[in-house]
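> The lines below spell out each chain.
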Amino acid sequence: KNEVEQSPQNLTAQEGEFITINCSYSVGISALHWLQQHPGGGIVSLFMLSSGKKKHGRLIATINIQEKHSSLHITASHPRDSAVYICAAPNTGNQFYFGTGTSLTVIP
Amino acid sequence: EPEVTQTPSHQVTQMGQEVILRCVPISNHLYFYWYRQILGQKVEFLVSFYNNEISEKSEIFDDQFSVERPDGSNFTLKIRSTKLEDSAMYFCASNGPSGQEKLFFGSGTQLSVL
Numbered sequence: 001k002n003e004v005e006q007s008p009q010n011l012t013a014q015e016g017e018f019i020t021i022n023c024s025y026s027v028g029i030s031a032l033h034w035l036q037q038h039p040g041g042g043i044v045s046l047f048m049l050s051s052g053k054k055k056h057g058r059l060i061a062t063i064n065i066q067e068k069h070s071s072l073h074i075t076a077s078h079p080r081d082s083a084v085y086i087c088a089a090p091n092t093g094n095q096f097y098f099g100t101g102t103s104l105t106v107i108p
Numbered sequence: 001e002p003e004v005t006q007t008p009s010h011q012v013t014q015m016g017q018e019v020i021l022r023c024v025p026i027s028n029h030l031y032f033y034w035y036r037q038i039l040g041q042k043v044e045f046l047v048s049f050y051n052n053e054i055s056e057k058s059e060i061f062d063d064q065f066s067v068e069r070p071d072g073s074n075f076t077l078k079i080r081s082t083k084l085e086d087s088a089m090y091f092c093a094s095n096g097p098s099g100q101e102k103l104f105f106g107s108g109t110q111l112s113v114l
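Residue numbers (our numbering), protein chains in the order written: chain V, 1 to 108; chain B, 1 to 114.
Please keep in mind that the hints were generated in silico from the structure rather than gathered at the bench.
Careful: at least some of the hints might be erroneous.
For lysine-lysine, the following DSS-like pairs were computed, each having C-alpha atoms within a straight-line distance of at most 27 Å [claimed, not checked]:
id, chain 1, residue 1, chain 2, residue 2
1, B, K42, B, K78
2, V, K55, B, K78
3, B, K102, V, K53
4, V, K54, B, K83
5, B, K42, V, K53
6, V, K54, B, K42
7, B, K78, B, K102
8, B, K102, V, K68
9, V, K68, B, K42
From chain B, some residues computed to sit far from chain V (all C-beta separations above 10 Å) [said to hold, decoys possible]:
id, residue
10, S48
11, K78
12, D86
13, L114
Now the stretches of chain B that chain V is said to cover, found in silico as 3 or more residues with beta-carbon under 8 Å [what the hints assert, rightly or not]:
id, region
14, 22-35
15, 38-46
16, 49-60
17, 101-112
For glycine and all other residues, C-beta sits at the position ideal for the given N, C-alpha and C.
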């Protein structure tokens, strides 16, 4: 049983396309994190959100607490966006549940 | 920008040996975490640590694992008797002051158990 489910697992897009990655969770969470794992393995936090929507540059994250669902959108995708995007949900005790990741490849 | 620092970047050890993975979290952060990622698999939570105590741990974090903040800056993960299946990338992360902020990750320690 996966407490956090992501879709799609793999995604290939043409440069410039609008991309959406989805995350659904079944645990009671205090917030939801979107992470980016670079091809070299390093992990960077993109967003932490507990309600509504956040935007940073071309990235937008939304969360619907009632539906237990979050989305990460990338507008005007670029090859440098190619990475694995991971959704992570901590419970109120900060035990984290991770999605399996979405591997994104953006083709020039 | 402040960084979480992990050492060593690579560690090779023989099965049954003890290893200590080291992390220096960001100085004003209060919550510390260890995660691991076995090659080709998803990131897994090991443990969270706050106020010099473990606040949560996963089923993976059995008696072979321990964490310590020995000197107010370092945060260590010890594996007492390594097994082949402990081979993975181990990431340290921190956030704070409430634990409800973005996580800052170290660059990881690749542990190979032979």
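> All hints, please: hold or fail.
Status of the hints after comparison with the structure:
1. Restraint check for K42/B and K78/B: the C-alpha separation of about 22 Å stays at or below 27 Å, so the hint holds.
2. Distance hint between K55/V and K78/B is unfulfilled; the C-alpha atoms sit about 38 Å from each other, more than 27 Å.
3. A distance of roughly 15 Å separates the Cα atoms of K102/B and K53/V; the hinted pair therefore holds under the 27 Å criterion.
4. This hinted pair does not check out: K54/V and K83/B have alpha carbons roughly 42 Å apart, beyond 27 Å.
5. Restraint check: the Cα-Cα separation between K42/B and K53/V comes to about 26 Å, which is no more than 27 Å; the hinted pair holds.
6. Between K54/V and K42/B the alpha-carbon distance is near 25 Å, which keeps this suggested pair within the 27 Å criterion.
7. Proximity of K78/B to K102/B is assessed by CA-CA distance (about 25 Å); at most 27 Å being required, the pair is judged to hold.
8. Under the criterion of a C-alpha separation no larger than 27 Å, the hint pairing K102/B with K68/V is consistent with the structure, at around 19 Å.
9. Taking the CA atoms of K68/V and K42/B, the gap is near 21 Å; set against the 27 Å cutoff, the hint holds.
10. A beta-carbon of chain V comes within 10 Å of the beta-carbon of S48/B; the shortest separation is about 4 Å.
11. Listed as outside the interface, K78/B is consistent with that label: its C-beta sits roughly 20 Å from the nearest C-beta of chain V, beyond the 10 Å cut-off.
12. With a least CB separation of 17 Å from chain V, D86/B remains clear of the 10 Å interface cut-off, as annotated.
13. Distance to chain V confirms L114/B as a non-interface residue, since its nearest Cβ pair spans about 20 Å, more than 10 Å.
14. For a cut-off of 8 Å, the count of residues in the region 22-35 of chain B with a CB near a CB of chain V stands at 3, and the three-residue condition holds.
15. A stretch counts as covered by a chain when three or more of its residues have a beta carbon under 8 Å from one of that chain; for the region 38-46 of chain B and chain V the count is 4, and the coverage holds.
16. For the region 49-60 of chain B, the stated coverage by chain V holds: 5 residues have a C-beta nearer than 8 Å to a C-beta of that chain, and at least 3 were required.
17. Evaluation of the coverage hint for the region 101-112 of chain B: fulfilled, as 7 residues show C-beta separations to chain V shorter than 8 Å, against a requirement of three.
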